[in-house]
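**Student:** Below, each chain spelled out in residue letters.
Protein chains: 2
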Amino acid sequence: MELYAEHGFEQTTVAEIAGRAGLTERTFFRHFSDKREVLFSGADSLEQLLIAALADAPRSIAPIEAVAAALDAVGARLDERREFARRRQAIIAANPELQERELIKLASLAAALADTLRRRGVKDPAASLTAEAGIAVFKVAFERWVAESNKQNLPFLVRDSLDELKAVTSS
Amino acid sequence: MELYAEHGFEQTTVAEIAGRAGLTERTFFRHFSDKREVLFSGADSLEQLLIAALADAPRSIAPIEAVAAALDAVGARLDERREFARRRQAIIAANPELQERELIKLASLAAALADTLRRRGVKDPAASLTAEAGIAVFKVAFERWVAESNKQNLPFLVRDSLDELKAVTSS
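Taken in sequence, the protein lines are chains A and B.
The numbering used here puts the first residue of the first sequence at 12, with every later residue one more than the last.
The numbering used here puts the first residue of the second sequence at 12, with every later residue one more than the last.
Calculated from the structure, these hints are not laboratory results.
Each hint should be verified, as a subset may be incorrect.
Intra- or inter-copy, both count: the list cannot distinguish identical chains.
[Claimed, not checked] No more than 27 Å apart at the CA atoms, straight line, and that leaves these computed lysine-lysine pairs for DSSO-like:
#1 LYS46 with LYS162
#2 LYS134 with LYS162
#3 LYS116 with LYS177
#4 LYS116 with LYS46
#5 LYS134 with LYS46
#6 LYS162 with LYS116
#7 LYS177 with LYS46
#8 LYS177 with LYS162
The structure presented is a predicted model; accordingly, all values stated were derived computationally and were not measured.
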């Protein structure tokens, strides 16, 4: 990822990435399907964490609160790697193809949240809307969190953004 | 678009599309940058309509209500072409590349809504969250609207989905 930051994503070859990591190209492709994958390889485990946390949330709490608890779990995990996340985000912001991948990932998270809510007995359209609201909250919280000037942690920003969403929709 | 529905998007060539429309390939490319553009050429005028309607909404109403009014305007326009929209959606649903394009379009709409809200004096993160909430509502309303079994019009479904979002976030 240092190479992407130094030379730009487009200009960095798989050979250079593998070389920096002390791998052959062949070994690189055993771990990653392409060079974009280097930036997104953590996404699957975050999705699993999110879905497991939502599935485990107490049934007694409202669906949006269960989603918030799941986003908190993901936020706490990401918060351990804030500098990595910031550098990664700067690379993604400079490359439309990577932004598309990020959007697809968010859409996939929303669909997975909605499915998990349905399995918890939430009906549609409430399930879809709760999931989309959760992803909207996470997206805005994440953007605030990667901003250099922001010192607050991600779980706090998730809660703060959810409160803000409640405020803007309660009119 | 009939060709996409008959043969699938991947299998349809620009030559076939141009032929069906009575155009040369050269004329086709004067109108569309590529064959995906045939499905997305209306998106820019919808974005302009959305932004103009939001900019024109009375300052006295809450930001989320101003966004809802703008989505109503877009909903009314789309409602005139429901069969076209349904066939278009079936083509998009069958092709991941087109789904990406649709996600990018929605993200661009959210960014444009947030900018317009900021120009109306709404601060962040309220501007971003109101815009994301509006797009979440529109996305869910649109999915309900293109479902064959649904007879309700799009502006109604936008309002109904917004009410549902308010209900799920008010817990």
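**Student:** It remains to establish, for every hint, whether it holds in the given structure.
**Tutor:** Going through the hints against the structure:
Neither within a single protomer nor between protomers do LYS46 and LYS162 lie at most 27 Å apart by alpha-carbon distance, with minima of 31 Å and 46 Å respectively. Only between protomers do LYS134 and LYS162 lie at most 27 Å apart by alpha-carbon distance; the minimum there is 19 Å, versus 38 Å within a single protomer. Taking identical chains as interchangeable, the C-alpha atoms of LYS116 and LYS177 lie at most 27 Å apart whether they share a chain (25 Å) or sit on different chains (26 Å). Taking CA atoms no more than 27 Å apart as the test, LYS116 paired with LYS46 passes in both settings, with 16 Å inside one copy and 25 Å between copies.
In this assembly of identical chains, the alpha carbons of LYS134 and LYS46 never lie at most 27 Å apart, being 39 Å within a copy and 38 Å across copies at closest. In this homomeric assembly, LYS162 and LYS116 come within 27 Å of each other (Cα to Cα) only inside a single copy, at 26 Å, whereas the closest approach across copies is 32 Å. Taking the shortest Cα distances, LYS177 and LYS46 never come within 27 Å of each other, neither inside one copy (39 Å) nor across copies (41 Å). Only within a single protomer do LYS177 and LYS162 lie at most 27 Å apart by alpha-carbon distance; the minimum there is 23 Å, versus 30 Å between protomers.
In summary, the numbered hints that this structure violates are 1, 5 and 7.
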